[in-house]
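Novice: Here is what each chain is made of, one letter per residue.
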Amino acid sequence: MTNDFCLPFKSQTLSFADVLCFLILQQIQLNDQQEEFNKLPTKAGSRPLSHSVSQSSADSFSSVGSVSSEDESAPQDKPQKTSDGLSDFCVKNIKQAAFGRKEIDIAQQGMPALMILRKRAGGEKPLAGAKVVGCTHITAQTAVLIETLAALGAQCRWAACNIFSTQNTVAAALAEGGISVFAWRGESEDDFWWCIDRCVGADSWEPNLILDDGGDLTHWIYKKYPSLFKKLKGIVEESVTGIYRLYQLSKAGKLCVPAMNVNDSVTKQKFDNLYSCKESVLDGLKRTTNIMFGGKQVVVCGYGEVGKGCCAALKGLGAIIYVTEVDPICALQACMDGLRVITLSEVIKHADMVITCTGNKNVVTREHFDRMRSGCVVCNMGHSNTEIDLACLRTTELKWQRVRTHVDHIVWPDGKRVILLAEGRLLNLSCSTVPSFVLSVTASTQALALIELYNAPAGRYKQDVYLLPKKMDEYVASLHLPMFDAHLTELTDEQAQYLGLSKHGPFKPNYYR
Amino acid sequence: MSDTAAEAKPEVKQASKEVKESENVAEKYSAMTVSKNSEINMGELSSVFSAVPTHKPVKKQIQFVEEKQEFSRFPTKTGRRSLSRSISQSSTDSYSSAASYTDSSDDETSPRDKAQVNSKGSSDFCVKNIKQAEFGRREIEIAEQDMSALISLRKRAQSEKPLAGAKIVGCTHITAQTAVLIETLVALGAQCRWTACNIYSTQNEVAAALAENGVAVFAWKGESEDDFWWCIDRCVNSEGWQPNMILDDGGDLTHWVYKKYPNVFKKIRGIVEESVTGVHRLYQLSKAGKLCVPAMNVNDSVTKQKFDNLYCCRESILDGLKRTTDIMFGGKQVVVCGYGEVGKGCSAALKALGAVVYVTEIDPICALQACMDGFRVVKLNEVIRLVDVIITCTGNKNVVTRDQLDRMKNGCIVCNMGHSNTEIDVASLRTPELTWERVRSQVDHVIWPDGKRVILLAEGRLLNLSCSTVPTFVLSITATTQALALIELYNAPEGRYKQDVYLLPKKMDEYVASLHLATFDAHLTELSDEQAKYLGLNKNGPFKPNYYRY
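Read top to bottom, the protein sequences are chains A and B. Quick note: the first sequence uses UniProt numbering, first residue 1, plus one each step. Quick note: the second sequence uses UniProt numbering, first residue 1, plus one each step.
Bound conformation, chain A alone (with noise of 0.2 Å):
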């Protein structure tokens, strides 16, 4: 049981990788972080909305970077050197360096806002004496984060939040760029905690700034470099559990820094969710089952943020759509939003699709598989793989065949199936990819927090866990909106003056919904 509860939040929307990842992390840090998980919901609050997409870009992007080469010689072991003759890193091969600036400059071509960023900051360096230390996935899309900010002046030394998720060739490329980067697929979970270490230990380098993704990097630090981990001039942390354990850190007054939670800013938020997974759930659906949404009946549970993505997106293709909330105040949206609000159990005989996104746990029971009609498909856009409930599945009178990846019939004995896409497991990550434009709003978010942290007089941000401030996740917007050829009106100074704003924002106050 515990691990069972414990694993979610880690997990949260990750990838299977993930999870096997933390599996392992697990067994040594459970004792003094099971704690600190269980009481993970209430505090976090915003869980079942908040995944890190990002986090996961590993999972879509993967692909990519398996390059052949076999070498089967642990990394540490091997002397490599940069064409610059240095070798202040670890990669897989330096030698695939060319391969992994192919793949960056292609990402560039979809994160045109950091790029913009570039220009516009370059001129003044503002990360100019910031020395980052960073964790997160190591993929083409970090690495044009990676590189912007050491065109903004930074130093960076960088090392991967995940073993299974990096991109050889990718930290190739940013090694043989001049980043100290320790990193590559598969690591051992020794290596995870050494590469971790000479990220952070170099001689005579001292970080003043984290990127952190999970929360290990900071920990590592918090753990092994106490008088190190005071001086830093922040900390910015992108997913749900790290920022967890920051507010723990902070409760328990332990937290001698300021951090800032990119995760929750309103732009990440609402890309990460409502539009990342409006447009995943079609895809996601289309690619495992070929199915037509016209007419068919879809259950929907929860309508939060991502719930609300997939029914304005089935709705758009004719889908009949019903929700199940617990919330009043979301149920009462999905009526005004002309959606039936039921419960499951009422509509579950005639559903042709069901959509989880609750955040919540076995939301789908063996008793409703046993009511669901031939050829009900059943998958979770929500939170980890505990929404749906698995393990009655796993009964010998049902039979499991899986006839496509991701895609398994579940037989019943008198011929009824049920089609379980990704074994519960988030459908968005597993059969659908994240498009970098969506990395691209979490990147140029957390770009700007580090300049938000460093560049801050003294005295704005004390030892707590901050929101980004308004203005800069307006900013983080307004990098985007070239892409889409916007124009942005701008007041004229008596406008701007009736409304008491400044004209360059912010625009709206903190509460602002």
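Check each hint, because a few of them may be wrong.
To be verified - With a straight-line cut-off of 27 Å between C-alpha atoms, the simulated DSS-like cross-links for lysine-lysine are: (1) 296(A) / 379(B); (2) 251(A) / 266(B); (3) 251(A) / 498(B); (4) 167(B) / 470(A); (5) 471(A) / 287(B); (6) 119(A) / 379(B); (7) 379(B) / 470(A); (8) 506(B) / 270(A); (9) 351(B) / 251(A); (10) 471(A) / 131(A); (11) 379(B) / 503(A); (12) 254(A) / 231(A); (13) 462(A) / 332(B); (14) 224(A) / 131(A); (15) 230(A) / 251(A); (16) 270(A) / 266(B); (17) 539(B) / 251(A); (18) 270(A) / 379(B); (19) 167(B) / 267(B); (20) 315(A) / 351(B); (21) 287(B) / 470(A); (22) 167(B) / 266(B); (23) 315(A) / 332(B); (24) 470(A) / 233(A); (25) 351(B) / 379(B).
Stated by the list, open to error - Listing some non-contacts, in silico: residues in chain A with all C-beta distances to chain B over 10 Å: (26) 81; (27) 254; (28) 331; (29) 360; (30) 505.
Worth flagging that the hints you see were computed from the coordinates, not collected in a lab. Being a predicted model, the structure only gives us computed values, none of them experimental. Virtual Cβ for every residue (Gly too), placed ideally from N, Cα, C.
Guided by the hints, dock chain B onto chain A, whose structure is given.
Specialist: Okay, now just chain B, sitting in the frame of chain A:
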């Protein structure tokens, strides 16, 4: 920019405009209701606790200079001005017609001079004509049909009487809907004394019905300013009765008690305020350190905000345009200025009918949302020559200027869904070369020398209030929120609320929503114990953290 010409038109013009508007009030008070509430009350903060507010436009000119300053600072404080209209304030507009049928009794004596007694022998009230009570009762019963949330609240809480001992003095519009609220409060154990927050909006027979039922009501349609304050004073100042709760809409009552009865004010358990203006006044008071009681801002509750803006405007934009112009929307090019809650509602409704929608925005976050929702984000100047309809919902001023009006195509419809009457620079159209033709009520053709016509709706005032009705369902949300806020403040343990302005607790907000689900036959799912534990939530809510963005 093109706006510079418009910028030259200073405040003076605006002031005189308001005077003018108030002058033709006699013939259509409904317009006044709108202007009094949404323009004067909202925009004009003449009354910020330093001066007694006036209802006479003439005085407004004098105060204008000092108001102006606060006015311009207002948005920073309350922030969401562009989005926050207390729609129920203007409910009178839609329902007043119902009231007029009993107005035949052209009794010219002031209600103040008439001795009236209800059937139980009480004379502690002052209404136009107590004999109209029966008609009023009928109105109230009709309203009850659509306000099932309050009725179920009565049922659920009746045995507990959560307001037993509460002495509530209220100042709101007196309509059938508020009557349902007042009688709910009474059913929950409160004693109520009530007055009108608007001199024109009272439904006389509803007031009579309330009086007949034992509520001390002091209100009639067409009060003078003197009457207005007299009524408020009679409400507060009653022998052997001291209010311990205030329910206010606009802040006039709060102001009166604060100024005239400081001792009573100090002992108040709580203030519930509905309007933007009133909330702003409370924040001012709180900032000055003079607010010595807790106050609840019900205007900004999630549920109320969504209904007042997103849902209400989504429907009324179509209704208002259809009623006034009979336009067909399919394929029409529409530009919606502003993509806040109101703009989102308007855009969604128009898109659903097949209109081609453009959006203008100043806030990049909202602009990006518009992009992702499939709307072209443009500047007004870029599309002004193409569009068939222009809808403003910015909360800003002079969003549509004379320069832009000059460049519109023939037959372009211009209307305002946003804020007061500032968004369209209507003053710039009052020049000799342009001819104004009133073609219908609320519809003006403005004709250029070359024959081009621009169709201006409601003279640039709020379309949704002038040319459309507010559904009782929306008013029900507001009224329920108010009732729950009163219950919360009255029953809160000592120390939960200090001398400050509070938002409604999330849990109450959720409760308001849950009371309205029955209307939709919506079946809420309940968390199992196991699930609740997994999520770390209480099974009965609150379900979201305070910063959650719905």
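Novice: Please verify whether residue 251(A) and residue 266(B) have alpha carbons no more than 27 Å apart.
Specialist: violated, 37 Å
Novice: Hinted pair, alpha-carbon criterion (27 Å max): residue 167(B), residue 470(A). Please report holds or violated.
Specialist: Judged against 27 Å, a Cα distance of about 42 Å means the pair is violated.
Novice: Next pair to validate is residue 470(A) with residue 233(A); report whether the Cα-Cα distance is within 27 Å.
Specialist: holds, 20 Å
Novice: Closest CB-CB distance from residue 81(A) to chain B, is it above 10 Å?
Specialist: holds, 44 Å
Novice: Is residue 287(B) close enough to residue 470(A), meaning Cα to Cα at most 27 Å?
Specialist: holds, 23 Å
Novice: Is it the case that residue 360(A) keeps its Cβ farther than 10 Å from each residue Cβ in chain B?
Specialist: violated, 5 Å
Novice: Taking 27 Å as the top limit, are the C-alpha atoms of residue 506(B) and residue 270(A) close enough?
Specialist: holds, 22 Å
Novice: Within a Cα-Cα threshold of 27 Å, do residue 251(A) and residue 498(B) meet the stated pairing?
Specialist: Distance of about 24 Å is within 27 Å: holds.
Novice: Are all beta-carbon distances from residue 254(A) to chain B longer than 10 Å?
Specialist: Fine: 22 Å to the nearest Cβ keeps residue 254(A) off the interface.
Novice: Given the hinted pair residue 167(B) and residue 267(B), is their alpha-carbon gap at most 27 Å?
Specialist: holds, 12 Å
Novice: Are residue 379(B) and residue 503(A) close enough, with their CA atoms no more than 27 Å apart?
Specialist: holds, 16 Å
Novice: For the pair supplied as a hint, residue 230(A) and residue 251(A), is the alpha-carbon distance within the 27 Å limit?
Specialist: With a Cα-Cα distance of about 17 Å, the restraint between residue 230(A) and residue 251(A) holds, given a limit of 27 Å.
Violation of the numbered hints given earlier is confined to hints 1, 2, 4, 9, 13, 16, 28, 29 and 30; the remaining hints are satisfied by the structure.
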